[in-house]
Each structure stands twice: as C-alpha cells, then as structure tokens.
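For chain X, the structure is supplied; the task is to place chain Y on it using the hints.
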Amino acid sequence: MPRQVLEDTLTADSIGADTALAASGDPSAFERLYRSHVARVHSLVRRMLDADEADDVTQDVFIRAWQKLATFRGESAFGTWLHRLAVNVVLARRKNVGVERGRFITDDEPLDGVTGRRETPELSLDFEEALARLPEGARQVFVLHDVEGYRHDEIARMLGVVPGTSKSQLHHARMALRRHLDR
Amino acid sequence: MNDQWTNRLSEYIDGELDNEERIALEAHLATCGSCYATLAELRQVVARAQSLEDSSPPADLWPEIRARMTPAHGAGVGRRGADRSRRFSFSVPQLLAASIVLALLSAGGMWIGLRSTKPTVTADQNVTSPPSDYTLASAGRWRTSTDAAVTELEEALARNQGQLDTATVRVLRQNLAVIDRAIGQAQRALKRDPGSNYLNLHLANTMRQKIELLRRANALATGQS
Chain X
19 MPRQVLEDTL TADSIGADTA LAASGDPSAF ERLYRSHVAR VHSLVRRMLD ADEADDVTQD
79 VFIRAWQKLA TFRGESAFGT WLHRLAVNVV LARRKNVGVE RGRFITDDEP LDGVTGRRET
139 PELSLDFEEA LARLPEGARQ VFVLHDVEGY RHDEIARMLG VVPGTSKSQL HHARMALRRH
199 LDR
Chain Y
23 MNDQWTNRLS EYIDGELDNE ERIALEAHLA TCGSCYATLA ELRQVVARAQ SLEDSSPPAD
83 LWPEIRARMT PAHGAGVGRR GADRSRRFSF SVPQLLAASI VLALLSAGGM WIGLRSTKPT
143 VTADQNVTSP PSDYTLASAG RWRTSTDAAV TELEEALARN QGQLDTATVR VLRQNLAVID
203 RAIGQAQRAL KRDPGSNYLN LHLANTMRQK IELLRRANAL ATGQS
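Chain order of the listed sequences is X and Y.
Residue numbering for the first sequence follows our numbering, starting at 19 and increasing by one per position.
Residue numbering for the second sequence follows our numbering, starting at 23 and increasing by one per position.
Careful, some of the hints might be misleading.
[Claimed, not checked] Think about it this way: if two alpha-carbon atoms lie no more than 20 Å apart in a straight line, the pair counts; the simulated SDA-like pairs of lysine to any residue are:
(1) LYS86/X x THR92/Y
(2) LYS86/X x ALA35/X
(3) LYS213/Y x ARG165/Y
(4) LYS86/X x ALA180/Y
(5) LYS86/X x TRP84/Y
(6) LYS86/X x ARG181/Y
(7) LYS86/X x GLY97/X
[Unchecked claim] With the C-beta cut set under 10 Å, the calculated list includes, among others, these residues of chain X facing chain Y:
(8) LEU62
(9) ASP78
(10) MET193
For the record, the hints were derived by calculation from the structure and aren't laboratory data.
These figures come from a predicted structure and were not determined experimentally.
Glycine included, each C-beta is placed from N, C-alpha and C at the ideal position.
Here chain X stands alone, though its shape is the one from the complex (with noise of 0.2 Å):
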C-alpha cells in the first residue's frame, strides 16, 4: 500500500473512530474532530460571511456539530457532514441577520479598494481580499460553487433561488476578480 494512501486511511480511520466515540458523549474525541476541521470550517465561514463574525459562526458550528452528532449516521464522511453543517448554519445567520437575498453584482466597484495583481506568494491573500470585497449574494455563490464545489442546482435550494441565478451571480462574480487582478 503507497504511504500516502495508507496515511489517508488511518485518518479516515481515526477520525471515524473519534466520531464514534464523540457520538457517545466523549468530550476529548470531539476536540480531536474539531482540531483537525476547524481551518475548513473557519475558512469557510471567513469567506462567506464578514471576517469579524467567523469565529462566533465558527463556535456555532461546532456547537450544532456537537448536539446533532446522534444524527450522523455515517453516511458521508464527517468532514463532508460538518461542512455541510456549516454551510447550514452560514445562510441561518445570513437569514437571521436580514441580508438581502440574491443581489446581482451591477459593476466591480465593490473591488476598486483592494491592490492589483502580483506575481508572488501573496497573491492568495489579494484574491481573498478581493473575494471578501464582492458584494454578499455574488460572494456566496462564488464560494459555494468555486471553492467549495457545490452544483447550481443545490446552491439555488440552499439560497432559495432558481440556478439561472446563481449561474448568473457566479459569472458576475467571476467577472469582476478578474477585471480587478488584471490590473
């Protein structure tokens, strides 16, 4: 067995194991969980919502992990449930909050503040900049389906539009990164 693929099976392994053991009510296996998601989920919740808010959707997430965890049957690895918790508990705050629904990106102002392009290292960080710049509904599709891999059919119920939105949301999305790291 290659090491990498044997590598990978312990882990699912153990994270399978300390998902178990979680699901009984163990406290420290349910810290090795959240030890090895927590810069998915935090990742996650930093670019879909505003920064200064993704450690407290972060705390919620895990907490909702925590009280669901009776009714993870398995089916899926956890870190797929997790994430999909997450995303659940992103748009309940993003409906809790009262951010308007599906707005349209009608130009790339939004992106004027943030610096241009630059061939180095930091570049990743000017494209999250960028992304955290685009307006709420344009980021959030763009997050789901670019980064996250989420279809237009599923990102549509999870938004509560229908896919020519989210398709066009994403274009526009796509659009406006790359007019600003053209500069």
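Just chain Y, lined up with the frame of chain X:
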C-alpha cells in the same frame, strides 16, 4: 468584448452549455481574441479559487466551545437533543431593551456609590415598583426565596445555553455581570445602612431584573418564547 457570448463563458467553462451552443461558442472563440482572452482569465480565477488554502482562526476557539458543550446536548443522550437543535438569538429590540435596563441599573449603582449619607425616598423619585407584597420587614425572607430562584435559573441556563448563539451568550453574560455588580453595590450599601428603605427596594428590583433576564434567556433557549 462584451458580446453575446461573453456572458456564456462561465457556463462553457463549467460544461453547462448544450452541444449546439458549445460548438457555436467554440466557433466564436476561434475568431474573437477578446473572448478568448477573457476565457483564459476566467479559467485562472476558477483555478485560483480551487487552490485557496484553509487557515485556522487566530485564537483557539476550543475553550469557549468546550464550555458550552453540556452533556445534555451530547449525542449520547439520543434524539431528543437533536430534535431540540433550534438555536435562538435575542432580537435587536430585545437587546436594546436590555441595554436600557443596564443603563438604569448602572445609574442606580452610581447613585448608591455617590450617596454617602442615608438616602431619603421621596414620592417623585423614579424607582421601579417593588413587589406588591414587599415590606422592609419581609425583605430577608423575600431575598432568600429570590436567591433560590436565581440559583435555579442559573443552573437551568447553564444547561440550556448551548441553544443560544455565541453572540447572544456573550451579551447575556455581559448583562448578567453588570446586574451582579449592581447587586453587589446594593448589598455593600445595605451593610452600611440596613434600614434604608430605598436600598432594600433597589436591591429587590435589581434581583427581579436578574430573574427576568434569566427567565427570558431560558425561554429563548428552550423555545418557549
């Protein structure tokens, strides 16, 4: 550059055009340098998005999460916990109301702190109504039962606070801390002046505010509001 095909480029990248449209777009790309360049840039955006790296939060969030993980909400208790997984937040009007209460309490605490002499209650002082059966003679008995109620509500909130979101829990704790400070101030003032009608009434009303806040928080957390 912004021709009829430009808005279809993302669908082309994602393989969402039907065969006829795809062939037509590819024919257009062969003759339109602008769309061809835009397509390349959009592909670069998609590739960049897929290569973003995840990063951990600057601060360790685990201690706060652990503090809110009560056994009653753990998966080991079965489906009941999961069925009660709805989470609640105070609304903006509720938070505003809490702020007003805190402002009044703070003003009361400051008033007590500034009063070095025995206060005199007059008819026009803006003091909230005492309990209907409250008298100076019954203050000790009332306070004992109130303390028991507060303890019971605090224990209930410790069990239920997992149903409240993080921001709400933080505001709730801040509010309770301010109320506790006001209670402490009133109790210290009463030690110096046990016979003060005003101070006894103020303490009683502050305790009632605390009980009301705890009741409200528990009702929100258990979905009874």
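Now the hints, each set against the structure:
no. : hint                : result
1   : LYS86/X x THR92/Y   : holds (13 Å)
2   : LYS86/X x ALA35/X   : holds (17 Å)
3   : LYS213/Y x ARG165/Y : holds (14 Å)
4   : LYS86/X x ALA180/Y  : holds (19 Å)
5   : LYS86/X x TRP84/Y   : holds (18 Å)
6   : LYS86/X x ARG181/Y  : holds (16 Å)
7   : LYS86/X x GLY97/X   : holds (14 Å)
8   : LEU62               : holds (8 Å)
9   : ASP78               : holds (5 Å)
10  : MET193              : holds (7 Å)
Checked against the numbered hints listed earlier, the structure breaks none of them; every hint is satisfied.
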